[in-house]
Structures are given as C-alpha cells and as structure tokens.
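Guided by the hints, dock chain B onto chain A, whose structure is given.
There are 2 protein chains.
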Amino acid sequence: MLLAELQNLLNDKIPITKEMGGEIISVDPFQLILKFPLHPNRNHKGTLFGGSLYSGSALACYGLFLWNLRQEGIASDNIVIGEGTIKYLKPVDHNAEIVAHWGTDEARPQFFDSLKRRGKACVEMKAQILVGGNLCAIFIGSFVALNEKKSD
Amino acid sequence: MLLAELQNLLNDKIPITKEMGGEIISVDPFQLILKFPLHPNRNHKGTLFGGSLYSGSALACYGLFLWNLRQEGIASDNIVIGEGTIKYLKPVDHNAEIVAHWGTDEARPQFFDSLKRRGKACVEMKAQILVGGNLCAIFIGSFVALNEKKSD
Numbered sequence: 001m002l003l004a005e006l007q008n009l010l011n012d013k014i015p016i017t018k019e020m021g022g023e024i025i026s027v028d029p030f031q032l033i034l035k036f037p038l039h040p041n042r043n044h045k046g047t048l049f050g051g052s053l054y055s056g057s058a059l060a061c062y063g064l065f066l067w068n069l070r071q072e073g074i075a076s077d078n079i080v081i082g083e084g085t086i087k088y089l090k091p092v093d094h095n096a097e098i099v100a101h102w103g104t105d106e107a108r109p110q111f112f113d114s115l116k117r118r119g120k121a122c123v124e125m126k127a128q129i130l131v132g133g134n135l136c137a138i139f140i141g142s143f144v145a146l147n148e149k150k151s152d
Numbered sequence: 001m002l003l004a005e006l007q008n009l010l011n012d013k014i015p016i017t018k019e020m021g022g023e024i025i026s027v028d029p030f031q032l033i034l035k036f037p038l039h040p041n042r043n044h045k046g047t048l049f050g051g052s053l054y055s056g057s058a059l060a061c062y063g064l065f066l067w068n069l070r071q072e073g074i075a076s077d078n079i080v081i082g083e084g085t086i087k088y089l090k091p092v093d094h095n096a097e098i099v100a101h102w103g104t105d106e107a108r109p110q111f112f113d114s115l116k117r118r119g120k121a122c123v124e125m126k127a128q129i130l131v132g133g134n135l136c137a138i139f140i141g142s143f144v145a146l147n148e149k150k151s152d
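First to last, the sequence lines map onto chains A and B.
Its first residue numbered 1, the first sequence is counted upward by one per residue in this note's numbering.
Its first residue numbered 1, the second sequence is counted upward by one per residue in this note's numbering.
Just chain A, same shape as in the assembly (with noise of 0.2 Å):
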C-alpha cells in the first residue's frame, strides 16, 4: 500500500483528522511517522492542543495497523482501541513528528499470529511526539483487532 493511499484511506475513514492535517511521511512494518502541524491544532497557549495530539497519536497507530494488515494480505480494517493515555512533557510550540510504533520486538509477530489464527488480537501500541528530535509526550493505547475473514 503506498504511503498516499494509506492517507486518503485515513481522511476518508476519519473526516476530522483533514482538518488537523497530519501528513504521513513514512511507514514501514514497526513504525509509521506522521508529520503533526500547530497550526491548525493550536490552543490558547499557541501550542499544541491536548486532544490533538492524542488524535494524532491515535491516528498514527491505526494507520500503522492498516499498513500492516495490507502487507499481511488481511482485508479487515476492524481495530478499535479500548484505553488510551498520553503524558504530556513540554508543550508542543512547533509542528510535531508522531512516530507510532509497536511497543516491544514480539509485539507485531504476536498480533499478527493471534490475529491470523484466533480471529482477534489485542495489542498496547506507543507513539513518541517529537519536535526537533525532543520528547514532548508519549502515548499509549490498547487496541483490539478483529479479522472476520480468517475462515476464508
């Protein structure tokens, strides 16, 4: 799937995240690395809003995933995050990178194997947000993947 599909895909699926603007600029099979822009998201410090960068972070990791399942093959797109968190360290007065990625190495072979045999899969993604390679907040969230199409 190439990077330009993967975010239409995102835009389509999620109408709000057009108007925040991320622009993915890469992927690969353990992380994908969204470019986060201020200002559309600023807030009344002129830095970053909160709630964006948890959007962001959770845009990231779902797009990380439907990557993913293409290059498995898995049609699914059924992936729903069931807790999420996100610490705030410095403010954001940039525009940010959110780089998502699996939270450990066994992560991915673990997801895809539950995924592919069980029909479901729960995974704890991270995303880092960085502005001028500085940590500014990191997020955690627990998704549940389904594949209904695992009898086919």
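Check before you lean on any hint, since a few could be wrong.
In this list, chains with the same sequence are indistinguishable; a pair is considered to hold if it fits within one copy or across any two.
Said to hold, decoys possible - Here are the simulated lysine-lysine pairs, DSBU-like style, with alpha carbons at most 30 Å apart:
| id | residue 1 | residue 2 |
| --- | --- | --- |
| 1 | K13 | K87 |
| 2 | K35 | K87 |
| 3 | K116 | K90 |
| 4 | K13 | K35 |
| 5 | K13 | K120 |
| 6 | K90 | K120 |
| 7 | K116 | K126 |
| 8 | K45 | K90 |
| 9 | K126 | K90 |
| 10 | K13 | K116 |
Since the hints were derived computationally from the structure, they do not count as laboratory data.
Source: prediction; values computed, not measured.
Below, chain B alone, put in the same frame as chain A:
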C-alpha cells in the same frame, strides 16, 4: 460568564474544536455538559472517533475551569494538562453528552484555595461520555493551573 461567551472563547482559543462541533448546553460550579456530535467526528466504523472523544473531554474540563475561574474573579486562562487517560467502554454510535466534573467534592475548594494562596494548583478532573444515559467512556485528566496575577 454566559454560556455563549464561554462557547465562543473555547472555539476561538482552540479553533479545531469548531470543526468537531461540540456545544455547551449547561455549566454550573460543579459540572459542564457538552453535546458532542457523531457526524463530524465519525470514524471507520461509523462510531465516534476515540481521539475526538478525548479532545471533547479535555475541552469540557477546560471549559469548566475557565467558567469557574471567571466566577472566582480570576482572569488567568493558564491551565495545562499533564496527563490524560480515557477508557472506552462501549462504541459511541449516536451524538454523545460529555459531562465534565471535579473528581471529588473536596477538589474544587482545594483547587481554588491553592490557586489563590500559592498561585498554582493541581487537580484531577473527570468526564463521563454518555449516550442516552448509558456510560460509554470515562476520561481522567491531571491539570495544572497558574495564576500569574496572584499578587494583585
């Protein structure tokens, strides 16, 4: 402070909230209720995007703070979120109500006592996300407020 003033202030200070379309329907010293629409915040499953639910919850808490600060005669809007967690219990498949409130009975007086005496206060705020009276998600946010004009 009138409801319409608070609504305009929030939408001006955090422009992305205009796109999300939340509408404050009531506020008193103890809680704020935000009507939060499904359509502009829909996701790939036709339910309310988890990122928007988090944003709406943070916004509702911020609105409750701002209204209370003005009621107490404090001009500051210097409040930031340090950490936020949201648990999704059920899919939100209709317009929702987000009810932001002080976590405990003591939280509000302690918050204002500390803000007035020390110029700084921390508090854990909560929000419930309801559809037709059914609890669908719970938000907890740790906020820090500063009152630069304490010495006035």
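Query raised in the report: Can you tell me if K45 and K90 fall within 30 Å by alpha carbon in one copy, between copies, both or neither?
Result: Classified as within; 13 Å inside a copy, 33 Å across copies.
Query - Intra- versus inter-subunit Cα pairing at 30 Å for K116 with K126 - result: within (22 Å within a copy, 38 Å between copies)
Report task. If the cutoff is 30 Å on CA atoms, where do K116 and K90 land: within, between, both or neither? Let me know, please. Result -> This pair counts as between: shortest inter-copy Cα distance 25 Å, intra-copy 40 Å.
Report task. Have a look at K13 and K87 and pick one of within, between, both or neither, based on CA distance no larger than 30 Å. Result -> This pair counts as both: shortest intra-copy Cα distance 27 Å, inter-copy 22 Å.
**Report entry** Within, between, both or neither, where K13 and K35 count as close if Cα-Cα is 30 Å or less
**Finding:** Answer is both: 19 Å inside a copy and 22 Å across each meet the 30 Å cutoff.
Report task. Give the relationship of K35 and K87 under a CA distance limit of 30 Å: within one copy only, between copies only, both, or neither. Result -> both (19 Å within a copy, 26 Å between copies)
Query raised in the report: How would you classify K13 and K120 at a CA-CA limit of 30 Å: within, between, both, or neither?
Result: Within one copy only: 21 Å inside, 42 Å across.
Query raised in the report: Can you tell me if K13 and K116 fall within 30 Å by alpha carbon in one copy, between copies, both or neither?
Result: Within. Shortest intra-copy distance 24 Å satisfies the 30 Å Cα cut-off; inter-copy 46 Å does not.
Query - Homomeric proximity label, K90 with K120: Cα distance no greater than 30 Å - result: Between copies only: 18 Å across, 36 Å inside.
Query - Intra- versus inter-copy proximity for K90 and K126 (alpha-carbon distance at most 30 Å) - result: both (18 Å within a copy, 22 Å between copies)
Violation of the numbered hints given earlier is absent; every hint is satisfied by the structure.
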